[in-house]
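Chain by chain, the residues run as shown.
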Amino acid sequence: MPDAASDGEVDRFVRDLDREAEAGGYHLNPDREFTRDLVRGLLANRERYGYISCPCRLASGNREDDLDIICPCDYRDPDLADYGACYCALYVTADVEAGVRAADPVPERRPPPGEQRRQKEERATAGAAPGTLKYPIWRCRVCGYLCARSEPPETCPICRVPRDRFERFIGTSGKETPVLTGGGIARIKPRTRSPRGSYRIDR
Amino acid sequence: MPDAASDGEVDRFVRDLDREAEAGGYHLNPDREFTRDLVRGLLANRERYGYISCPCRLASGNREDDLDIICPCDYRDPDLADYGACYCALYVTADVEAGVRAADPVPERRPPPGEQRRQKEERATAGAAPGTLKYPIWRCRVCGYLCARSEPPETCPICRVPRDRFERFIGTSGKETPVLTGGGIARIKPRTRSPRGSYRIDR
Amino acid sequence: MPDAASDGEVDRFVRDLDREAEAGGYHLNPDREFTRDLVRGLLANRERYGYISCPCRLASGNREDDLDIICPCDYRDPDLADYGACYCALYVTADVEAGVRAADPVPERRPPPGEQRRQKEERATAGAAPGTLKYPIWRCRVCGYLCARSEPPETCPICRVPRDRFERFIGTSGKETPVLTGGGIARIKPRTRSPRGSYRIDR
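Chains as they are written, first to last, in this note's numbering: chain A, 1 to 203; chain B, 1 to 203; chain C, 1 to 203.
If you are wondering where the hints come from, they were derived from the structure by calculation, not from laboratory data.
The list cannot tell twin chains apart, which means a pair is met if one copy fits it or any two copies do.
Lysine to aspartate or glutamate pairs mimicking DMTMM-like chemistry, simulated, CA-CA at most 25 Å apart:
#1 Lys120 with Asp66
#2 Lys134 with Glu151
#3 Lys120 with Asp164
#4 Lys134 with Glu167
#5 Lys134 with Asp82
#6 Lys120 with Asp74
#7 Lys120 with Glu167
#8 Lys120 with Glu154
#9 Lys134 with Asp74
#10 Lys120 with Glu151
#11 Lys134 with Asp68
#12 Lys134 with Asp65
#13 Lys134 with Asp164
#14 Lys134 with Glu154
#15 Lys120 with Glu64
#16 Lys134 with Glu108
#17 Lys120 with Glu108
Please construct the entire structure, taking both the sequences and the accompanying hints into account.
Structure (structure tokens):
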């Protein structure tokens, strides 16, 4: 049974996490007691497994199998874009941080184990179909920063402009030539998925 | 008529802007009285329109139509590369900041309203011609950072090396295959445009 | 004969370098006396040539010919990936910084002058073969950051996750279509090159 982290360790970890989050354009949940509880879970997992796997998911203990749920998990950024918070609600969007809106409940986006295996094999063998990209490439219209994600980031990590200053620079569709700019200002996808499970931040 | 921002608000805004600028490899005009005046204009626009549109341009009041002139505007980086300052001279290059050279007068690069509409429609429909990119992709030879702009940035935002450490990684020409590296060290385009209008910083 | 830098200048330079290194996900050699000696060499070169060329290599004095060895040099990041330190050992990986392992001896990766000339001409003329990229493009699976390097960076400069959270997004092979995602989790190349020369950090 791992030793519980001391309050000092937890505080230090929260402080470091907060500094790195803000530098990259991310935000920790402003409810610091809630955040400290999650960080205690992260530190317990680090003690147990050797890495800070998500405190709201069951880890296998095998780092390679758990890579996608080491915090920040592979699902944080799409969840922030779609629900205003990550699955644990450790990270929230700026408007949720500011209390302007409540985060939606965040359903589990991680595929079930069988599907994870299938995707891993697919990545190891063929990759995507020829002429396609796995994610579109977004371009910050101000500084030219490029990133490949389902949606552009909330804030440009380089020049700090908000999401609506990004444009689609290269699309994913096989019908496009790879270098077709596609374009236009990025539109935020409407939230159509039905909310299930997990934490709410609606205080 | 919006309330004028207090001196404390202006100072705080300048300080935040300065920290973010330096973190991203940008520089505020070192004439702090001049900079404070521009920031007063930004804050007045925020009060008036809800966003910090450029204090040196007339905003429409419709955020979507004004996206390109919300500060930092879409034209800042090409203006820094070509003239040593943005249109307002809120942002300047390192050599202008250091007083090594004066910024050139900066002509208005924003297209007239009719042309803006045309470009917006073009982006919404066809995009660029097949086989072309809207901007070349530049690569930092030191850290591999990629960005898509007309010229490479003054300073790599990741590893802080200067512009001449960038190389053209993917060109824009339709004659190139998309993945042709093109290459060579980035050359700074000679300044051939005739200077017109706007502020000078030649003190 | 250039003036030697004062202790104050050296300290200031080390402090600035350290702050920028950490912000970008890099680490200075924790042996501060060793680091201060290297920085004295950098400042002597700045006095002599006008730029901080590598203190462990002979500069030509012509900036354009020396671009690849201005610190941080073009070879730092591949050397960090392969040996745990740059050629000078001014920069080291996190595990070397933490004393968990010693850096390997770092052979000179810079090509001899004739080969440098050949590569420069090649870049200036044809570029790479059609359908190929000079470097693969890596994608951070967490934040979507893209960079073009032989191996992914030790730490994502945007969201701070370690190297094994990167995936190959676009490969270099001419057989791949440019937009084939390739993929899978990045694997660290085994160190097969025989160690030669240079500094060791095995204290």
